[in-house]
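Q: One letter stands for each residue in the lines below.
Number of protein chains: 2
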Amino acid sequence: MFDRIDHLGVAVAPEDLEDQIALYRDVLGLELVHRETIEEQGVEAVLFDVGENHVELISPLGPDTGVAKFIAKNGPGLHHIAYQTTDIDGALATLQVRGVALIDEQARRGIRNSRVAFVHPKSTGKVLTELTEPAHH
Amino acid sequence: MFDRIDHLGVAVAPEDLEDQIALYRDVLGLELVHRETIEEQGVEAVLFDVGENHVELISPLGPDTGVAKFIAKNGPGLHHIAYQTTDIDGALATLQVRGVALIDEQARRGIRNSRVAFVHPKSTGKVLTELTEPAHH
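As you go down the protein sequences, you meet chains A and B in turn. Just so we're aligned: 107 in full-length UniProt numbering is position 107 of the first sequence, and the numbers increase by one with no gaps anywhere. Just so we're aligned: 72 in full-length UniProt numbering is position 72 of the second sequence, and the numbers increase by one with no gaps anywhere.
Just to be clear, a hint being listed does not mean it is correct.
DSSO-like cross-link-like pairs, simulated, lysine-lysine; straight-line CA separation at most 30 Å [unchecked claim]:
{"id": "1", "chain 1": "A", "residue 1": "K69", "chain 2": "A", "residue 2": "K126"}
{"id": "2", "chain 1": "A", "residue 1": "K73", "chain 2": "B", "residue 2": "K69"}
{"id": "3", "chain 1": "A", "residue 1": "K73", "chain 2": "B", "residue 2": "K122"}
Simulated from the structure, these hints should not be mistaken for lab results. Predicted model, so just to flag it, every value in this text is computed and none were measured.
Work the whole structure out from these sequences, hints included.
A: Dropping the structure here:
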């Protein structure tokens, strides 16, 4: 169902975003490949390549966003894991048959025109889990 | 410095471990490839393949272990990210030159006879970060 880990999402406070970009780029040596404001998800997102995987820094656009609430509750840090698939519709149908609660029953637009959907963490041991179908595959 | 995400570590309470194994294997469809008690780290660890990446469930062996304390404070869920390298000694030296605080200044034995070292989360935006050099590469 999944080909690889697409990315690991890291929640970053807006005031720390430039420092965290410098950390991943200049200290950990990852290549910054994309930066995008995703209004629908209320985040500024910054993608780094690690081989065929990515790290995605997400910083909230405002205090009422999900990521801002996450940071207020948990502090910054690991936020979600995303698995990559070439058939997100099929994967969502399979998960539903297997009794998984989905936040997104239908895929929606994600970063770089990917199609994405989130699984409810109550079905995944509190791990916020995303499915991602890249735009080009 | 890093070739890919080696694995994402997920902290699991001992009483939930079998249910979480069933989740990753039977619901998310990942292949269970390895299971090991790592006394030095105080965990039972279970590895699943996702392409060339892995998910590692870690369950504490006792209440005084680091992972037990993590779960007591944060609840179960995302615990650490591990990057894969073919030269962990070189990577550790590079990170030290760049001012990163290391939990392990020298690599030690990890799962499946890998060599591993942890970076201090104070240097990585609260994200517990591991370097992994697999035994066979």
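Q: If a hint holds in the structure, say so; if it does not, say that too.
A: Evaluation of the provided hints:
1. K69(A) / K126(A): holds (16 Å)
2. K73(A) / K69(B): Holds, at roughly 18 Å.
3. K73(A) / K122(B): Between K73(A) and K122(B) the Cα gap is close to 19 Å, so the pair holds against 30 Å.
No hint from the list above goes unmet by this structure.
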